[in-house]
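Asks: Work out the full structure: start from the sequences and follow the hints.
Protein chains in written order, with the numbering used here: chain H, 1 to 246; chain Y, 247 to 718.
In case anyone wonders, no lab produced these hints; they're calculated from the structure.
Keep in mind that the hints are not guaranteed to be accurate.
Claimed, not checked - Keeping only pairs whose Cα atoms sit at most 25 angstroms apart, straight-line, the calculated SDA-like set for lysine to any residue is:
#1 K203(H) <-> C470(Y)
#2 K409(Y) <-> H111(H)
#3 K80(H) <-> C470(Y)
#4 K203(H) <-> E667(Y)
#5 K203(H) <-> L666(Y)
#6 K587(Y) <-> T16(H)
#7 K80(H) <-> A472(Y)
#8 K587(Y) <-> E236(H)
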Amino acid sequence: MTTSSPSLSIAWLYATKMNIYGDRGNVIALAQRATWRGIDVTVHETGIGEAIPEDTDIFFFGGGQDQSQVDVARDLQGTKGEAITSAVEAGAAALTICGGYQLFGNEYRPHDAEPLPGIGLFDVVSKAGPERFIGNVVVESQWGELVGFENHSGLTFLGDGLKPMGKVVVGRGNNGQDGTEGAMYRNALGCYMHGALLPKNPKLSDWLIEAGLQHRYGDVPLLNSLDDTIELHAHETATGRARRAH
Amino acid sequence: MPIPSSRFDPRLASAVAASRLSRQVIQRLGRGGGTSAPGVIAQRLDPGILRKLSARMANGTIVVAGTNGKTTTSRMIANILESDNQTVIHNRSGSNLVRGAISALADHSTWAGQPRGQIAVIETDEAALPDVVRDTQPRMILLNNLFRDQLDRYGELDTVARKWRGALELLDERTTLIVNADDPSLMSITDNLRVHRVTFGLHGQDHHLAALPHAADSSTCRSCGAELGYHALYVSHLGDWYCNGCGRRRPDLDATGTDIVLHGMDSLAMTVHRIDEALKIDLGVPGLYNAYNALAAVAACRELDVSASVVAESLAEFRAAFGRLERVEYKGRLLTLILVKNPVGFNEVLRMLTAETGSLVAPTLIAINDLDADGRDVSWLWDVDFELLAEGSAAISTTGIRGTDMANRLKYAGVPGARLESLPSEMNRALDTWIDSIPVGEKAIILPTYTAMLDVRRLLTDTGATDAFWKQ
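Replies: Rendered as structure tokens:
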């Protein structure tokens, strides 16, 4: 690292089209936790027809409504999807939620329409399911217990050898069948957890920030720790809420 | 127009009786207002009860829907119609599912099922609108706006929009549709229908927003998918919109609100222009969102031929509904309670609270619950622009089942730790601790979600505080 303050570049994919369920809280969490450590953060909102900034360290891609998802899927085909894939292959981090997760996979198969192609970064296939999974969700993972709120009817199945983000403790997860939630390829993550996810799961936020810094600077010292009393209090309330309802 | 009929219908009579009796029993047991369970029972006895009772309304039925403001707007309309000497049946208690409508009508009917009212004002929630419209065959429908609200309950906005459109397509020119033309989603839902459409909206460059807030839902054209632009943006995605792609734009307005003057948290004034009149309105409730509600009520009631002077006089007397904006004195402190239930509504409340100085001026308690009526998913807190509260010196406290989520949201909005207090989740403990931190005689604000509001109100009522409304 140079003597000037380190910097971090976040690309927020389709911020206006894919922005339901408070997923922007994830971008707020990444930007604030980096800023609190003296890192210069830039957030690029990248919409339809706009190129991916070349220096992106962390991608964020949230959930959207059906029609938005069709437009976005089309826009991602070709150079844009390839740019994201090569950035992730070079170590960039990514967090994708719900619709964003599905479009980072191979494809999404709706009930009554043509399959939507994804960018194939995750070897997963998603399809419309018969019921909607709605509720608080707790997942055991390498970042400890993660807590979020799921609200999806899409079922996602992982290809052989692809790691999930974790095992479902409370809730339904990827598909309600195999006990997995999310997918992980290199430093890219996908899952169904809204909440927003990162503000209540600070360890996961910091892991993404560290991966982003490593992508930019190579080996970096560990992040200094922050006072996470409020975050952990919210985490504890949410996991308690999830467990009591079951 | 439905034809009143008084032919005796034994099945209807038994359903009406069951609804009324069960309501009385519930109230006697002290289990709340008893506003929805009786409707469920009545519907089971006579599935046609809502259709039959509304067909017997001499002056027909008015259905009011929209994510925000439907309770306020329907109360304004009911009050105006009462001032016009019409007898009104209105599901006032905010129980706005099908069963709430049934219960309200049954409660105001004779045992034989003859409504004791000339006109019904039925407030309905987003999910129930298609059923309520089908059953009541309304003479008038008022659509205020369509925002994201409780996605866990209603599903995505696109789904709601499709269902509304489906219900409206079955109606003809005998139904008048009063619709907010500033909402591009509502315009595409109501384009090319057979109903008589009357549009309303705001005009002018005062009070516009600099940019589309994050909570806004429809920034794209429903016809062609291109980004929408705005000559002026007033609340969330409501404004004088146009499409950059296909050229669709806000249509000409039948009723236009102009010259809006907002008096902080107290009141507002506005002029409503229609074809050949300009009606000056003074309203006893504050906030730009209430300008929309009043404009909708004026458009509806003038269309119903209520005189302009009756409309203006009734609105001047208007006060806010249960918990939506109430002022109460409690242990010597002057409290203002404002219901918050979704990102758009919360943003407008924050805008009102910070309008005069750019920051919060009074200590504020935010109470967030996650029960069914609040929405079980608290993700929506991240769509509210709490960043508005980062500056200033007023303390912000949090409570409720998910008060810790709220505290966390405020931390990430940049509210310094010294101004932030995470109180116990139990309302009774939190309220007293919070009150003790406020000097006697000072003003303070409580922003609760729906069930948190019920908790706060119950605590205040237990001490007799809610009878003591304080004057400005």
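Asks: State for each hint whether it applies.
Replies: A quick look at each hint next to the structure:
no. : hint                : in the structure
1   : K203(H) <-> C470(Y) : violated (42 angstroms)
2   : K409(Y) <-> H111(H) : holds (18 angstroms)
3   : K80(H) <-> C470(Y)  : holds (22 angstroms)
4   : K203(H) <-> E667(Y) : holds (23 angstroms)
5   : K203(H) <-> L666(Y) : holds (23 angstroms)
6   : K587(Y) <-> T16(H)  : holds (22 angstroms)
7   : K80(H) <-> A472(Y)  : holds (20 angstroms)
8   : K587(Y) <-> E236(H) : holds (24 angstroms)
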